[in-house]
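With positions in the sequence shown counted from 1, the corresponding number in the working numbering is that position plus 5.
Among the clues, some could well be false.
Cβ pair distances, simulated, as ranges [to be verified]:
hint, residue 1, residue 2, range
1, E345, T524, 14 to 22 Å
2, D727, K101, 56 to 64 Å
3, G660, C454, 45 to 53 Å
4, Q590, H285, 52 to 60 Å
5, S337, L495, 55 to 63 Å
6, K709, N368, 18 to 26 Å
7, P663, S70, 36 to 44 Å
Here are the simulated DSS-like pairs of lysine-lysine, each with C-alpha atoms no more than 27 Å apart in a straight line [claimed, not checked]:
hint, residue 1, residue 2
8, K101, K709
9, K262, K196
10, K418, K262
11, K411, K426
12, K218, K196
13, K426, K408
14, K655, K262
15, K712, K624
16, K624, K492
17, K536, K588
18, K358, K289
19, K86, K101
20, K708, K426
21, K492, K578
22, K262, K426
23, K262, K218
In case anyone wonders, no lab produced these hints; they're calculated from the structure. Glycine residues also receive a C-beta, built at the ideal position from the N, C-alpha and C atoms.
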Amino acid sequence: MMMLQVTITSNQRKIIKRKAGVTMSLSNVLLENLPLISLDLETTGLQTKSDRIVQIGAIDPYNSSSNLDILVNPDIPIPSKSTNIHGISDAMVADKPTLSQVFPQLREQINDRVVIGYNIGFDLAVLAAETERYGIEWETPPALCVRQMATIALGRDAIMMMGTLETLIQHFQIPLADRHTAIGDAIMTGKLFQALLNELKASGINTYADLQKAIALLNDQRAAGTGAGWVDVAAIQQPYASFRALSRIDPFPYSHKIDDLMIAEPLIMPAGSVVLDAAHRMKKEKRECVFVGNSPDHIVGIVSERDIVHCMALPVDEVTRARDIQLETIMSSPVLTVSEDDYMHVAMARMQKHDIRHLGVTNPEGTLTGYVSGRELNRLRLTDAMVIGDDINQANNSDEMSKALKGLPLLSKSLMDEGIKAYAIAAVISSQYRAALSRSADLAEQIMCADGKPPPAEYAVLILGSAGREESLLAADQDHAIIYGDKSRLDDAATQAWFEQLGQHIADIMDAAGIPYCTGGVMANSERWCKSLRTWEQTVKGWIARGSAEDVLHVDIFFDYHCVYGNAQLASKLQNRIITIVKGQLDFLKLLAGNIPSSNAGITFWGGFVSENGRFNVKRNLLLPIVESLRVLSVSRSISARNSVERAEKLMATGSIPPEIRLLAEDLQVCIRLVLRQQITDISQGLPPTTLIDTGLLSAREKKTLKSVQNRVKYLEQMLFDCLFA
């Protein structure tokens with residue numbers, strides 16, 4: 006029997022995968038369209054609770070370039086009988102990473118896909134035991150056992166005769182290669198999955214739900230597996246919103262940024278171009294609109310298909326003339342835009358509010374990089390009550406802004422209930438704080454202009470701290486600064502006074518909107534946080550040269566900035582200059598590293614959690630050491646990324662950082678989830694949100710995970726100094 010080859014476009018599968026992890030039920034997805042990862046593990050033995058992983062093989066059956074093939078140090082001797090099967094000896098894994106070090110790579114590989122494997126229940130049970138052993142957060146993903154699929158497709162009698170992977174791949178004439186290696190078995194299992202699809206279709210099994218129903222009837226196989234300690238994959242509940250109706254919110258727009266769905270390489274034509282030429286270009290390049298301008302930096306309008314249709318729908322004797330109409334005559338101007346870093350809900354709300362079908366997308370420097378289309382978004386739902394991002398952007402005063410910001414706790418709870426990862430929710434919260442600061446700056450400038458005081462120079466408003474890293478939670482205060490250009494129409498003193506007054510208006514507006522003044526004074530209403538580009542450069546040089554405790558604290562606060570309003574090129578210039586200034590300053594790096602809170606990660610003498618008024622301070626004991634360590638390492642490697650997880654990824658890419666750093670990024674996400682969940686609970690009970698959690702509310706698994714995080718943070722200082730100075 007010949008193997009069936011199923012061809013699905015990578016874009017189709019990407020969209021399904023992207024939506025499956027958020028709101029989309031897998032139930033009605035055709036089997037050939039499922040986002041898959043074929044997984045196989047080689048282990049020290051067959052005991053799921055006590056045996057360890059020695060090799061991981063994982064591959065996308067439809068994209069072989071997406072794969073993981075890695076040896077793992079099991080931290081126990083490998084029995085000779087196991088070595089005889091897979092050929093992996095103690096010597097081969099002696100210098101290999103442990104499971105805790107490589108697990109982030111496996112998690113990334115799985116990443117919202119359905120896991121398939123031959124007797125995959127065994128592999129998933131081993132993974133569950135390993136992650137519990139190392140204190141790693143892990144939820145068993147949706148999975149399909151290919152042996153169970155073969156039983157349904159070929160019948161029980163056939164499986165009794167040829168129930169091994171080897172005999173089945175021979176039956177389907179699949180080439181046998183690298184048997185009993187994790188990646189080899191994963192590859193063959195993926196091909197076997199595809200080969201079985203035709204057989205399953207012949208039995209009326211077309212969708213994921215069809216197959217799950219059929220597998221649920223294999224009581225004997227399921228019982229045998231669970232009796233051996235395997236995971237019963239037929240009983241795994243989808244972690245998505247599959248088994249409950251989507252209620253008030255579709256979380257997809259809140260968990261994906263504009264650049265996830267934007268159409269890149271926008272079509273740009275000069276204003277003098279005619280409609281006929283634009284129509285030809287749009288058809289040839291398959292674009293729904295054309296932007297009018299001389300370059301991506303200078304866009305003056307937009308012409309859509311609808312505009313051209315209206316233009317051409319003239320009486321017959323005028324059609325010829327209509328084709329010659331110049332684009333500047335029919336274009337819409339100005340072009341409404343969103344940033345690449347905005348989340349999709351901002352674009353959706355803006356389109357709805359302005360009744361338009363296209364939005365330009367710009368990078369931080371304001372250059373057009375693409376556009377978003379209503380056609381691409383029309384399958385996404387968003388309840389008006391939950392649209393707060395654009396309400397902030399359109400707020401006319403602090404009262405309107407306050408009303409929008411009050412929706413943040415409910416939004417956060419809704420997203421958490423829908424299974425969105427807490428780290429992504431923190432990014433959404435950060436985006437709202439960024440929007441609030443941006444709108445406050447706009448309103449503040451309007452106040453200044455109304456008083457006859459227009460800006461004397463170009464400037465940029467920066468948000469600092471956790472919001473700059475996209476890691477804000479629900480207990481925010483103000484942290485912002487201003488950079489202004491070196492060329493001003495006023496003298497230096499008058500220019501400085503103007504921008505400090507602007508900073509005061511910003512601070513007042515935000516405080517009135519419910520984001521309180523910073524108790525430490527980190528606000529743009531003072532000379533300390535409001536400077537010209539040249540002065541900021543001199544200030545940073547001074548911080549590094551002096552290296553006082555206060556200087557180091559300022560660096561910690563300032564280095565995570567993000568431009569939210571004004572001329573982003575000023576912020577980029579300063580960032581580039583900071584990287585140049587800091588490069589090679591080992592003494593300063595030592596000071597930065599020494600400023601990281603040195604503690605035992607909140608572990609008591611008896612191994613419990615240090616208590617503050619009956620709660621554990623996650624920020625002080627865990628979040629700050631992790632965030633600041635990643636910042637110091639990034640500065641040492643001239644990495645400009647500000648987000649902590651992105652910093653960890655870029656650090657790993659340098660090849661000079663131990664793999665524990667990747668796990669540290671996961672630990673950060675664990676901490677954020679626990680704090681955010683506690684904040685949501687506290688707010689619902691009328692308590693103010695803090696970064697302290699009630700450990701009594703944690704499950705046994707969560708406590709074990711948190712203790713593992715503590716143990717890693719406890720030794721963070723030594724690892725940091727090894728990376729910097731060894």
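These are the hints, each one checked on the structure:
no.: 1; hint: E345 with T524: 14 to 22 Å; verdict: violated (33 Å)
no.: 2; hint: D727 with K101: 56 to 64 Å; verdict: violated (19 Å)
no.: 3; hint: G660 with C454: 45 to 53 Å; verdict: holds (51 Å)
no.: 4; hint: Q590 with H285: 52 to 60 Å; verdict: holds (57 Å)
no.: 5; hint: S337 with L495: 55 to 63 Å; verdict: violated (37 Å)
no.: 6; hint: K709 with N368: 18 to 26 Å; verdict: violated (43 Å)
no.: 7; hint: P663 with S70: 36 to 44 Å; verdict: violated (26 Å)
no.: 8; hint: K101 with K709; verdict: holds (25 Å)
no.: 9; hint: K262 with K196; verdict: violated (34 Å)
no.: 10; hint: K418 with K262; verdict: holds (20 Å)
no.: 11; hint: K411 with K426; verdict: holds (21 Å)
no.: 12; hint: K218 with K196; verdict: holds (23 Å)
no.: 13; hint: K426 with K408; verdict: holds (25 Å)
no.: 14; hint: K655 with K262; verdict: holds (20 Å)
no.: 15; hint: K712 with K624; verdict: holds (15 Å)
no.: 16; hint: K624 with K492; verdict: violated (41 Å)
no.: 17; hint: K536 with K588; verdict: holds (23 Å)
no.: 18; hint: K358 with K289; verdict: violated (31 Å)
no.: 19; hint: K86 with K101; verdict: holds (21 Å)
no.: 20; hint: K708 with K426; verdict: holds (19 Å)
no.: 21; hint: K492 with K578; verdict: holds (15 Å)
no.: 22; hint: K262 with K426; verdict: holds (14 Å)
no.: 23; hint: K262 with K218; verdict: violated (35 Å)
The structure shown violates the earlier hints numbered 1, 2, 5, 6, 7, 9, 16, 18, 23.
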